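Under UniProt numbering, think of the first position of the sequence shown as 1, with each following residue one higher.
Fair warning: there could be bad hints in the mix.
[To be verified] Straight line, CA to CA, 25 Å or less: simulated DMTMM-like cross-link-like pairs of lysine to aspartate or glutamate:
(1) Lys126 / Asp149
(2) Lys51 / Glu14
(3) Lys58 / Glu48
(4) Lys93 / Glu142
(5) Lys93 / Asp69
(6) Lys58 / Glu42
(7) Lys136 / Glu42
(8) Lys45 / Glu18
(9) Lys138 / Asp149
(10) Lys135 / Asp87
(11) Lys138 / Asp69
(12) Lys120 / Glu142
(13) Lys45 / Asp60
(14) Lys58 / Glu97
(15) Lys51 / Asp111
(16) Lys126 / Asp111
(17) Lys45 / Asp15
(18) Lys129 / Glu101
(19) Lys136 / Asp111
(20) Lys136 / Asp87
(21) Lys152 / Asp76
(22) Lys126 / Asp98
(23) Lys33 / Glu18
(24) Lys138 / Glu128
(25) Lys45 / Glu74
(26) Lys120 / Asp98
(27) Lys135 / Glu101
(28) Lys138 / Asp76
(29) Lys33 / Asp15
(30) Lys33 / Glu14
(31) Lys51 / Asp69
(32) Lys138 / Glu18
(33) Lys58 / Glu105
(34) Lys51 / Glu65
(35) Lys129 / Glu105
(36) Lys135 / Asp111
(37) Lys120 / Glu105
In case anyone wonders, no lab produced these hints; they're calculated from the structure.
These figures come from a predicted structure and were not determined experimentally.
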Amino acid sequence: MAVLLPGPHTFTGEDTAEIFLHGSRAVVNAVCKTLSQIEGVESAKAGEFTKRSFFNGKMDLAQVESLADLINAETDAQRQLALRQNDAGSYLKPFREDLIEIMAELEAQIDFADDVMEDKNRIITKVEKLLVSLKKLKRSAERGCLIRDGIKVALIGRTNVGKSSLINRL
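Work the whole structure out from these sequences, hints included.
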């Protein structure tokens, strides 16, 4: 069965065809060999769909990283973290907007110092508020790294003091 998926409403945003086959590896290889002889037809490499989706604006970088984490998840906690991380772009957007606003105000003060009488304390307050929010985000990201990457532990001690028993209990 062959299914044509017309863009831009596909994962990649491009026209895509998917072929479903019944049979052995030999059948799949024969079909792939036949298709490879058609000009402009190529099989997708690992990560190809995600790369095309990113370059076509269907995914942002946080979503690409989230998908990679989901694919590589070994525990349920890692899977849940990857799913939550998928929305990272939405909660990073306000930080970007705040930074652009602060930069615009600073540039206006530099370029139009005589005309713009901006309160410097107001800008400092905005920057301090942004720093507090970014520090919270950093702490959250560090906790996420512990879940995603795990913790390396070395359990050392004398012979027959219960190291193996402790690991087995854990």
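We went through each hint and held it up to the structure:
Distance check on the hinted pair: Lys126 and Asp149 sit about 34 Å apart at the alpha-carbon level, beyond 25 Å; violated. Taken as a hint, the Lys51 and Glu14 pair is honoured in the structure, with Cα atoms around 12 Å apart against an allowance of 25 Å. The suggested pairing of Lys58 with Glu48 holds, with an alpha-carbon distance near 13 Å, which does not exceed 25 Å. Proposed proximity of Lys93 and Glu142 is supported: the alpha carbons are some 20 Å apart, at most 25 Å.
Using a Cα cut-off of 25 Å, the hinted pair Lys93 and Asp69 holds, with the two alpha carbons roughly 21 Å apart. For a cut-off of 25 Å, the pair hint linking Lys58 to Glu42 stands: about 21 Å separates their Cα positions. The straight-line distance between the Cα atoms of Lys136 and Glu42 is roughly 45 Å, outside the 25 Å bound, and the hint therefore fails. Between the alpha carbons of Lys45 and Glu18 the distance comes to roughly 14 Å, so the proposed pair stays at or under 25 Å and holds.
Distance hint between Lys138 and Asp149 is fulfilled; the C-alpha atoms sit about 16 Å from each other, no more than 25 Å. Pair hint Lys135 plus Asp87 holds up; C-alpha atoms about 19 Å apart against a cutoff of 25 Å. Simply put, Lys138 and Asp69 have alpha-carbon atoms about 18 Å apart, close enough for the 25 Å limit, and the pair holds. As the CA atoms of Lys120 and Glu142 are separated by approximately 33 Å, the hinted pair breaks the 25 Å bound.
Using a Cα cut-off of 25 Å, the hinted pair Lys45 and Asp60 holds, with the two alpha carbons roughly 20 Å apart. A C-alpha spacing of about 21 Å is found between Lys58 and Glu97, which places the hinted pair at or below 25 Å, so the restraint holds. Distance restraint check for Lys51 and Asp111: the Cα-Cα separation of roughly 41 Å exceeds the 25 Å cut-off, and the hinted pair is therefore not satisfied. Our distance criterion of 25 Å between C-alpha atoms is met by Lys126 and Asp111, whose separation comes to about 20 Å.
Distance hint between Lys45 and Asp15 is fulfilled; the C-alpha atoms sit about 16 Å from each other, no more than 25 Å. Taking the CA atoms of Lys129 and Glu101, the gap is near 13 Å; set against the 25 Å cutoff, the hint holds. Proposed proximity of Lys136 and Asp111 is contradicted: the alpha carbons are some 33 Å apart, above 25 Å. A threshold of 25 Å between alpha carbons decides the hint, and for Lys136 with Asp87 the separation of about 17 Å falls inside it, so the pair holds.
Proposed proximity of Lys152 and Asp76 is supported: the alpha carbons are some 19 Å apart, at most 25 Å. Simply put, Lys126 and Asp98 have alpha-carbon atoms about 8 Å apart, close enough for the 25 Å limit, and the pair holds. Proximity of Lys33 to Glu18 is assessed by CA-CA distance (about 16 Å); at most 25 Å being required, the pair is judged to hold. About 15 Å separates the Cα atoms of Lys138 and Glu128, which keeps this hinted pair within 25 Å; it holds.
Of the pairs offered as hints, the one joining Lys45 and Glu74 holds, with about 23 Å between alpha carbons and a cut-off of 25 Å not exceeded. A C-alpha spacing of about 16 Å is found between Lys120 and Asp98, which places the hinted pair at or below 25 Å, so the restraint holds. Proximity of Lys135 to Glu101 is assessed by CA-CA distance (about 19 Å); at most 25 Å being required, the pair is judged to hold. Of the supplied pair hints, the one linking Lys138 and Asp76 holds, its CA atoms being roughly 23 Å apart against a limit of 25 Å.
Proposed proximity of Lys33 and Asp15 is supported: the alpha carbons are some 21 Å apart, at most 25 Å. As the CA atoms of Lys33 and Glu14 are separated by approximately 23 Å, the hinted pair is consistent with the 25 Å bound. Distance hint between Lys51 and Asp69 is fulfilled; the C-alpha atoms sit about 15 Å from each other, no more than 25 Å. Pair hint Lys138 plus Glu18 does not hold up; C-alpha atoms about 41 Å apart against a cutoff of 25 Å.
The straight-line distance between the Cα atoms of Lys58 and Glu105 is roughly 32 Å, outside the 25 Å bound, and the hint therefore fails. Of the supplied pair hints, the one linking Lys51 and Glu65 holds, its CA atoms being roughly 11 Å apart against a limit of 25 Å. A distance of roughly 16 Å separates the Cα atoms of Lys129 and Glu105; the hinted pair therefore holds under the 25 Å criterion. With a C-alpha separation of about 31 Å, the suggested pairing of Lys135 with Asp111 is violated against the 25 Å cut-off.
For the suggested pair Lys120 and Glu105, the alpha carbons sit about 10 Å apart, so the restraint of at most 25 Å is met.
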